[in-house]
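Peer 1: Sequence:
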Amino acid sequence: MNKNREILIKQKILNTRLAKFLKENKIKNLRMISMGNSIASGYSVVRVTIPLLLRNESLFNIMQKNGINVDLHHFARAQNNYDEHIFEWIENNIKESIIHKMNRSDYESDIVGMGTHGLSKQKIEEYYPTEIENDNGLQKVITESNDNLANVIIYNGATGSLIDGLTRHGTIFQQFLHGVKRDINSIESILKVIQTYNREKNSNTQVYLCGVPNFLGLNLSELINAKLKKIASKYANVTYVEPVKSKLFYQKMNKKNNFLEFKGIDVHYDEDEYIEFNNNIIKSIVDNYQILQSLINVDRLFYKLNRQIELEKKLFNIRS
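Numbering of the sequence shown is given in the numbering used here, commencing with residue 8 and proceeding in unit increments.
Mixed in with the good hints there might be a few duds.
[To be verified] Using C-beta positions, here's what the derived DEER-type ranges look like: (1) 133 with 65: 31 to 41 Å; (2) 272 with 311: 44 to 54 Å; (3) 300 with 249: 40 to 50 Å; (4) 99 with 27: 36 to 46 Å; (5) 136 with 87: 18 to 28 Å.
[To be verified] Computed cross-link-like contacts, DSS-like style, restricted to lysine-lysine with a CA-CA straight-line distance of at most 30 Å: (6) 17 with 259; (7) 199 with 108; (8) 252 with 290; (9) 254 with 188; (10) 130 with 252; (11) 254 with 290; (12) 35 with 102; (13) 17 with 33.
FYI, nobody ran anything at the bench for these hints, they're computed from the structure. All residues carry an ideal CB built from backbone N, CA and C; glycine is no exception.
Let the hints inform the model, and build the full structure from the sequences given.
Peer 2: This is how it looks when you write it as structure tokens:
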């Protein structure tokens with residue numbers, strides 16, 4: 008059995024497990040929001056670019072068979088994706104159609120466009136429509152909640168400032184220290200905001216914070232991932248998702264005929280690695296959804312209890 012077939016079979020098994028779990032818990036709607044950087048965009052320099060969550064090709068069919076509606080959202084960019092920009096998207100309640108326009112510019116512009124493979128005009132229209140029936144802003148998508156909705160964010164970040172700094176000729180050491188710290192601080196702000204929504208607006212949004220690709224299996228990215236793990240452990244609604252070992256050196260696609268050419272360097276995943284990464288995401292949801300939901304409920308209960316005690320104490324002090 009080749010690797011591609013093996014990971015696709017595993018994907019179907021995991022999707023089926025998730026569908027069974029949701030059905031048992033009377034959840035009829037699964038919302039997944041891909042948010043963040045170029046990995047969240049499903050981008051590849053030398054291979055085919057497809058939005059991250061759409062690479063899980065059996066998800067829709069398996070969920071449909073189990074009576075579960077899948078609602079996917081794309082709030083990610085392959086460039087200009089500092090985590091502080093993601094924070095701004097949330098605060099400004101940016102519409103998904105605007106994000107799609109940004110993606111179109113990233114891939115189509117003659118001036119600032121990025122090289123892509125497999126993104127025909129037809130595919131761009133399919134992946135990034137600008138006429139959306141329910142064109143809700145990111146904040147609204149995040150905060151919506153009801154008993155039969157599983158609302159989960161798949162967050163990939165912590166690389167935007169670093170890569171931008173390196174492309175502007177900073178030293179690796181300087182840019183790592185400054186760039187990563189800058190993005191990590193912004194990620195913390197994002198997680199605090201989402202936790203506040205859960206506490207104040209009674210939403211139940213979960214965040215699956217993904218690690219940076221493990222280049223060549225050398226664990227070099229652990230310098231960043233250790234920070235992400237630490238952050239994830241601080242929030243009731245967040246869990247860490249293990250990245251996939253990436254090859255870093257890939258057979259390059261020829262734009263003219265899609266034949267394989269010489270090897271190219273890419274810090275993103277290839278087709279099989281993206282599928283494997285999606286498997287890690289689904290497995291993490293299956294393993295952690297119920298735990299996170301319980302922690303969200305407990306966190307909200309104690310948050311409100313603490314506020315009530317604080318207010319009653321103040322009132323008591325005023326009267327005395």
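Peer 1: Holds or violated: residue 130 with residue 252, Cα cutoff 30 Å?
Peer 2: 28 Å, holds
Peer 1: Assess, step by step, whether the Cα of residue 17 is no farther than 30 Å from the Cα of residue 259, and give holds or violated.
Peer 2: Within the cut-off at roughly 27 Å; holds.
Peer 1: Hey, residue 254 versus residue 188, does the alpha-carbon distance stay inside 30 Å?
Peer 2: 26 Å, holds
Peer 1: Are residue 300 and residue 249 spaced within 40 to 50 Å by their CB atoms?
Peer 2: 21 Å, violated
Peer 1: The hint says 18 to 28 Å between residue 136 and residue 87; measuring C-beta to C-beta, is that right?
Peer 2: 21 Å, holds
Peer 1: Is it true that the CA of residue 252 sits at most 30 Å from the CA of residue 290?
Peer 2: 17 Å, holds
Peer 1: Hint check: residue 17 vs residue 33, CA-CA at most 30 Å. Holds or violated?
Peer 2: 24 Å, holds
Peer 1: That 31 to 41 Å hint for residue 133 and residue 65 (C-beta), does it hold up?
Peer 2: Violated, at about 18 Å.
Peer 1: In this structure, is the beta-carbon distance linking residue 99 and residue 27 contained in 36 to 46 Å?
Peer 2: 38 Å, holds
Peer 1: When you check the alpha-carbon spacing of residue 35 and residue 102, does it fall within 30 Å?
Peer 2: It holds: about 25 Å lies between the C-alpha atoms, which stays within 30 Å.
Peer 1: Taken at face value, is the distance from the CA of residue 108 to the CA of residue 199 at most 30 Å?
Peer 2: Between residue 199 and residue 108 the Cα gap is close to 28 Å, so the pair holds against 30 Å.
Peer 1: Falls inside 44 to 54 Å, the C-beta gap from residue 272 to residue 311?
Peer 2: Holds: the Cβ-Cβ distance is about 51 Å, inside 44 to 54 Å.
Comparing the model with each earlier hint shows violations of hints 1 and 3; every other hint is respected.
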